[in-house]
Amino acid sequence: MRTSRLRTVHPVLWAGWAALAAGAVLCVVGWYGVSGERYAERQLPYLASCTIPGAALIVAGAVLLARGRESIAAGRVEELYGLLVEDGPAGPEEETGRAVLSPLAVSGDLLMVPGGTLWHRADCPLVAGKAEAVPVDSKLMASGELDPCPICEPAEETD
1 MRTSRLRTVH PVLWAGWAAL AAGAVLCVVG WYGVSGERYA ERQLPYLASC
51 TIPGAALIVA GAVLLARGRE SIAAGRVEEL YGLLVEDGPA GPEEETGRAV
101 LSPLAVSGDL LMVPGGTLWH RADCPLVAGK AEAVPVDSKL MASGELDPCP
151 ICEPAEETD
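The sequence shown runs 1 to 159 under the numbering used here.
Please note that the accuracy of each hint is not assured.
Label-pair ranges, simulated between beta-carbon atoms [what the hints assert, rightly or not]: (1) ILE151 / VAL25: 56 to 62 Å; (2) ARG76 / VAL113: 33 to 39 Å; (3) VAL113 / GLU78: 39 to 45 Å; (4) GLU79 / PRO11: 40 to 46 Å; (5) HIS10 / LEU84: 19 to 25 Å; (6) ILE151 / ALA56: 55 to 61 Å; (7) ILE52 / GLY82: 43 to 49 Å; (8) VAL63 / PRO125: 43 to 49 Å.
Derived from the structure by calculation, the hints contain no laboratory data. Keep in mind that this is a model prediction, so the values were computed, not measured. Note that CB positions come from ideal geometry on N, CA and C, so glycine has one too.
Kindly generate the complete structure, drawing on both the sequences and the hints.
Quick look at the structure:
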C-alpha cells in the first residue's frame, strides 16, 4: 500500500550535485592553470583561487548528498511507521485494553508436507492449496519428528 506522491528530488540533493559539479570544474581549471606555469610562486594563485575551493566544494557536495539521502530515508521510515501504527476499526482489544489475537487457522484437519518438519491445520496459509499436502501420520507425530506449525498453532489432539 504505497501512497501516491510525486517522486521529486529533495532540494538538498540538488545542492549536493551542484556543489560537486562546481567543485570538479574549479579543480579542472586550477589544474589547467597550475600545469601552464613553471614556477611555484605563479602556481599559488591557481591553487588558492581554484583548486582548494574546488576540493572544499566537492567535500561539501558529498556531505550534502549523504545528509539528503539520510533525511529521505528517515522520512520513509516515519511514513512506514505511521502506516504500521495507524488506527484500525474498533474491536475487542479497545474494550478490554488488551489485544485479542484471533487464530490464523481454525480447521480441525491436520496436514503435513512429505519431507517437511511441521504439521499444520488444513487452512494454514503454509499448506492451503498445496496438492502435495497429505494427512498427518500419527506415528510421525508420536515420535516427535514433526513439530506444530508456529503460524497456525494446531492442537495436539486429533478428532
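Mind checking the hinted window 43 to 49 Å against the Cβ distance between VAL63 and PRO125?
For VAL63 and PRO125 the Cβ distance comes to about 47 Å; the hint holds.
Could you see if the CB distance from VAL113 to GLU78 stays within 39 to 45 Å?
holds (40 Å)
CB-CB spacing for VAL113 and ARG76 relative to the 33 to 39 Å hint:
Given range 33 to 39 Å: holds, Cβ gap about 37 Å.
With 56 to 62 Å as the target window, see if ILE151 and VAL25 comply at their CB atoms.
Given about 59 Å between the Cβ atoms, the range holds.
Return holds or violated for the Cβ distance of ILE52 and GLY82 against the range 43 to 49 Å.
holds (45 Å)
Distance restraint evaluation - HIS10, LEU84, Cβ atoms, bounds 19 to 25 Å:
holds (23 Å)
Distance restraint hint 55 to 61 Å, applied to the beta-carbon atoms of ILE151 and ALA56
Given about 56 Å between the Cβ atoms, the range holds.
CB of GLU79 to CB of PRO11, is that within 40 to 46 Å?
Check failed, 19 Å falls outside 40 to 46 Å.
Checked against the numbered hints listed earlier, the structure breaks hint 4 alone; every other hint is satisfied.
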